[in-house]
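Please arrange chain B on chain A, whose structure you already have, making use of the hints.
This is what each chain is made of:
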Amino acid sequence: MSTPTITTTGLTKRFGDFTAVDALSITVPPGVIFAFLGANGSGKSTTIRMLIGLLRPTAGAITVNGIDVIREPRRVRDRIGYMGQKVSLYQGLTIRENVEFYAGLYGLAPAALTARWSALRERFGLAQVELEKPESLPAGIRQRAGLALATLHQPPVLFLDEPTAGVDVESRGLFWDVIQDEAARGVTVFVTTHFLEEVDYCDWVSFIDAGKLVADATPEDLRHRFSLGYRIEVELPAAAREAGARRLRGLGLAGLASSDAGFTGRTAQLDGPTLAALDALAVDIPEARIHIHQPPMTDVFRRVLGAEPSP
Amino acid sequence: MSWRRLRTLVLREIRATLRDPFTASILVAVPLGTLLLFNSILTTEVRHAALGVCDATASPASRRLVAELRAQGTFDPVALRTRTALDEALRRGRVRAAIVIPPDFDRRLAEVGRGGVRPEVQVIYDGGEAVLAANIEGYLNAIVARVGAVLVDAPGGGRRPGIEVTTRVLFNPTLDGQVFMVAGVYGFVFSFLTVLITAVSVVGERLAGTFDQLQVTPATSVEILLGKLLPLGAVFAFDVLLMALVAGFGLGVWPRGSLVFFLGVSSVYVLVSLAIGLVISATSGTASEAVQRSVLFSIPIIQLSGFLFPIRSMPGFLQWIVEAFPATHYIRVSRAIYMRAAGPADLWGDLLFIGVVGVLLFALAVRTLGARA
Chain A
1 MSTPTITTTG
11 LTKRFGDFTA
21 VDALSITVPP
31 GVIFAFLGAN
41 GSGKSTTIRM
51 LIGLLRPTAG
61 AITVNGIDVI
71 REPRRVRDRI
81 GYMGQKVSLY
91 QGLTIRENVE
101 FYAGLYGLAP
111 AALTARWSAL
121 RERFGLAQVE
131 LEKPESLPAG
141 IRQRAGLALA
151 TLHQPPVLFL
161 DEPTAGVDVE
171 SRGLFWDVIQ
181 DEAARGVTVF
191 VTTHFLEEVD
201 YCDWVSFIDA
211 GKLVADATPE
221 DLRHRFSLGY
231 RIEVELPAAA
241 REAGARRLRG
251 LGLAGLASSD
261 AGFTGRTAQL
271 DGPTLAALDA
281 LAVDIPEARI
291 HIHQPPMTDV
301 FRRVLGAEPS
311 P
Chain B
312 MSWRRLRTLV
322 LREIRATLRD
332 PFTASILVAV
342 PLGTLLLFNS
352 ILTTEVRHAA
362 LGVCDATASP
372 ASRRLVAELR
382 AQGTFDPVAL
392 RTRTALDEAL
402 RRGRVRAAIV
412 IPPDFDRRLA
422 EVGRGGVRPE
432 VQVIYDGGEA
442 VLAANIEGYL
452 NAIVARVGAV
462 LVDAPGGGRR
472 PGIEVTTRVL
482 FNPTLDGQVF
492 MVAGVYGFVF
502 SFLTVLITAV
512 SVVGERLAGT
522 FDQLQVTPAT
532 SVEILLGKLL
542 PLGAVFAFDV
552 LLMALVAGFG
562 LGVWPRGSLV
572 FFLGVSSVYV
582 LVSLAIGLVI
592 SATSGTASEA
602 VQRSVLFSIP
612 IIQLSGFLFP
622 IRSMPGFLQW
632 IVEAFPATHY
642 IRVSRAIYMR
652 AAGPADLWGD
662 LLFIGVVGVL
672 LFALAVRTLG
682 ARA
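Protein chains in written order, with the working numbering: chain A, 1 to 311; chain B, 312 to 684.
Excised from the complex, chain A in its bound form:
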């Protein structure tokens, strides 16, 4: 088993009588996209600021990329990239000048910077705007430029605090493509977001509420534990209904019922055998139309928080 890239043990932060983060223990394996979710004020940003050494914890331990962050907050800084809620681009400087500024801080030689920036500006779609100032650019481009800066020195760990806040849907999709690219290259990504649908871009989800960890699993596992399951709708021609019904009963779908167009039912997990059986149905009855509805993450998290009972 590989050594985790990020671990926290009993991580706690108190501001006076208020406990912002309460005995948080998480483990992030290398190369995964780790979503850290929670409502506003739940302790997400406080946690991320402790992880990158900007905030001293009241108690607990943090290790990032093998470094004890509490003891050596400075040492961790050349191994991480960080992008805050406010994109950290200097107004008045062009994107290219911002890049040169941060490259100077990370000690990138001019030749290395030229090579690195050539690759980044293409990947992040910034070639057309590198001579523009951030204040004249849309939020989506600023976000991508911010992420490009965070990855400029090729850190093995990326911390992204609400990176898609205030960005339109299309830009968010493009942004997540880039994050997934980074993860595919072996970068560990720790990301906070309050867009619950973005969880599906991630490998692992931790959810905190009032500073406490309330869920810690893969998105699929959370759906399995905290939702009514995937809703499957199968449209069938009248002649094939009887045969179709037999096949669907064999799948053991919960709440299987007939509808005007065919049948509906639910399955807790979209596992291999279920998908294979649906595939076989589609092959055997070519007129069949199969629709699979993923349970919305908002419903999952309502149940996680106890607003709705778990099934």
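Below, a sample of chain A positions facing chain B; criterion: calculated Cβ distance under 8 angstroms:
id	residue
1	I52
2	L54
3	D78
4	I80
5	Y82
6	G84
7	K86
8	V87
9	S88
10	Y90
11	L105
12	Y106
A few chain A positions that, by computed beta-carbon distances, are all more than 10 angstroms from chain B:
id	residue
13	T9
14	K133
15	P138
16	S171
17	D221
18	G252
If you're looking for bench data, these hints aren't it; they were derived computationally from the structure. These numbers were taken from a predicted model, which means no experiment stands behind them. By construction, the Cβ of each residue, glycine as well, lies at the ideal position given by its N, Cα and C atoms.
Structure of chain B alone, referenced to chain A:
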């Protein structure tokens, strides 16, 4: 106009003002503090001015004259054995005025009653602070004349002024206020403008998010601090040179001492003052709070630092307090270089203070910038 709407707007404004403890407290503290402070510093009275005394006769009569000078609380006599020591003390600013009592003081005093020539004492004072110098001269003349009249036993029981006073003004013989003001303006500009300019620098970056980003780079707090101080310091150092040249060519006011020394001291002072601004900025929550704090911090310091009002006219406790301000020492140094051609050896105390405070402020700024909550 709707009175109801106006009432709503006014009530909200009052509520917002009173709920902000900082604004509420300055609304009360500033008027009262200003009233009490200016009542103390806007006085032309001379109190406890350091007075060099070169008493070449050391007779009962001369000692009585010195005792009378001390008794009023106007002067604090400092015995100086020679004229050279006296001149040195005036140049270094240890004393603001001096009185020279000649060796024949007693003999001529005794002869006045018999129609002899009146004894002559020489009063020398630093003309740098023109208003204060004139007041010192007035007080000295009055006290010497009164004591002289008492000491001389005039025939027929009448009294006439028994001691002749000759005056000599050093450094600014025409009591011209321009040099005094020009040399002081440096202190005003580089105490106020520097703090104000840097006040929003860190808090502005914090609010924009760039400061967090900077802090997660390998840049150390010292590098971040110097990265902010040095460019602004260079600009302000250029300003010092520009001001010195404009004052010289435009107003005909050149430092009597070394211009290079003045530029060097001013450049260091600018960095000290910028560090104060950075500390204010780094400890403020918002840009407007930083500006309010820097103005509230700078204005009293400038007013009390001797730029406009003579420190020697302030109450004793205030004189102690203002000695803690770097601006007080810088203005003193600036005027000493401009008016008395003072050099490092004459000003080492003030220079040392500025240097030590600079180091402490630098350390505080580094600590503040690098602080983890």
